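Chains as they are written, first to last, in the working numbering: chain A, 653 to 773; chain B, 579 to 752.
Hint data in this document are derived by calculation from the structure and do not stem from the laboratory. Keep in mind it's a predicted model, so treat the numbers as computed, not measured. Think of the CB as a built atom: it goes at the ideal place given N, C-alpha and C, for glycine as much as any other residue. Careful: at least some of the hints might be erroneous.
What the hints assert, rightly or not - Chain B is faced by these chain A residues, among others (derived, beta-carbon under 10 Å):
no. : residue
1   : PHE717
2   : ARG722
3   : SER726
4   : GLY752
5   : ALA755
Stated by the list, open to error - Listed next, the stretches of chain B that the computed footprint assigns to chain A, with coverage defined by at least 3 CB atoms under 8 Å from CB atoms of chain A:
no. : region
6   : 613 to 626
7   : 666 to 673
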Amino acid sequence: MKILVADDSRAMRMIVVRTLRQAGLSGHVILEAEDGQQALDLVGAESPDVILSDWNMPNMNGIEFLKALRAAGSTIPFCFVTSEGSEEMRDQAAEAGALGVIAKPFTPEHFLEVLGTVVSA
Amino acid sequence: MSVIDEFEEARDDLEALLLEVLGSLLGADEVAPSAGEPIGPGPVLESRLVIHDRADDSYTVVEVETALLVGRVIAARLMRVADPSPEDLLDVVSELGNIIAGNVKSLIRHSCRLSLPTANVVQSTSGAGEHGVRVSASVLGQVIQLTVRPALPQEPVSGVSWPGSYDDVLETQS
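This is chain A alone, in the form it adopts within the complex (with noise of 0.2 Å):
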């Protein structure tokens, strides 16, 4: 299974990683973006299997990268990892297709609770 990692944070990147493996959901390709755009050209070169984005990045951010996924008829779960988990982004997201928003900081236990119908342990 190939997981596509997309966030402007190097930082954030790794202990994404780290969290997915805390989780028992390792052992997958992980793919890495440093922004919406460079997400967007990854998955029509790679194909991965799920998507987890940060919101607020460079260039593109992660709402206008879901959008334009499902616009081009991808169907790939898509969650957003993020800083900002208000109900109203939430909604947002829910609205253009989103599994899920984790809100930073975050647990294994929240990952394995979004991601877990998803990502196979």
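With chain A's structure known, arrange chain B on it following the hints.
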């Protein structure tokens, strides 16, 4: 109610938020409430973000500051490296500021936009805390400060970077 009054009312929530975020990232045992001691001597690592309220076109600054030495320890722990590079250091403090500011925004103002973070090493704290609400926590026995304040009149918020195509969002909503 002014912006600063709003933040002052939420002071307890800001303190709890700072402790929770730091505890989640570094381990609850490493974090404790602080009595408001100043940051130790030496260079300071600061992260700065801006919240823009479209309703009244006001800007609120969120700053996270700590001693450079503490920043190195935090970066080493989060990135699991013995000697974080200068880029790693700025990346970690940027993300720390981003997480804290994102939670601040969710706590207080839901209809605003949050900028991208910036991070710098400076020779002393900004001193702008007197214009806003400042709370602190103790991490590994050292102080981390969170300041939430209105942007100062002469403060350049025009150079702040916004996520994605925020300029387009501004245009369509104005």
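The hints, checked one at a time:
| no. | hint | in the structure |
| --- | --- | --- |
| 1 | PHE717 | holds (8 Å) |
| 2 | ARG722 | violated (16 Å) |
| 3 | SER726 | violated (18 Å) |
| 4 | GLY752 | violated (16 Å) |
| 5 | ALA755 | holds (8 Å) |
| 6 | 613 to 626 | violated (count 0) |
| 7 | 666 to 673 | holds (count 5) |
Of the numbered hints stated above, those contradicted by the structure are hints 2, 3, 4, 6, listed in ascending order.
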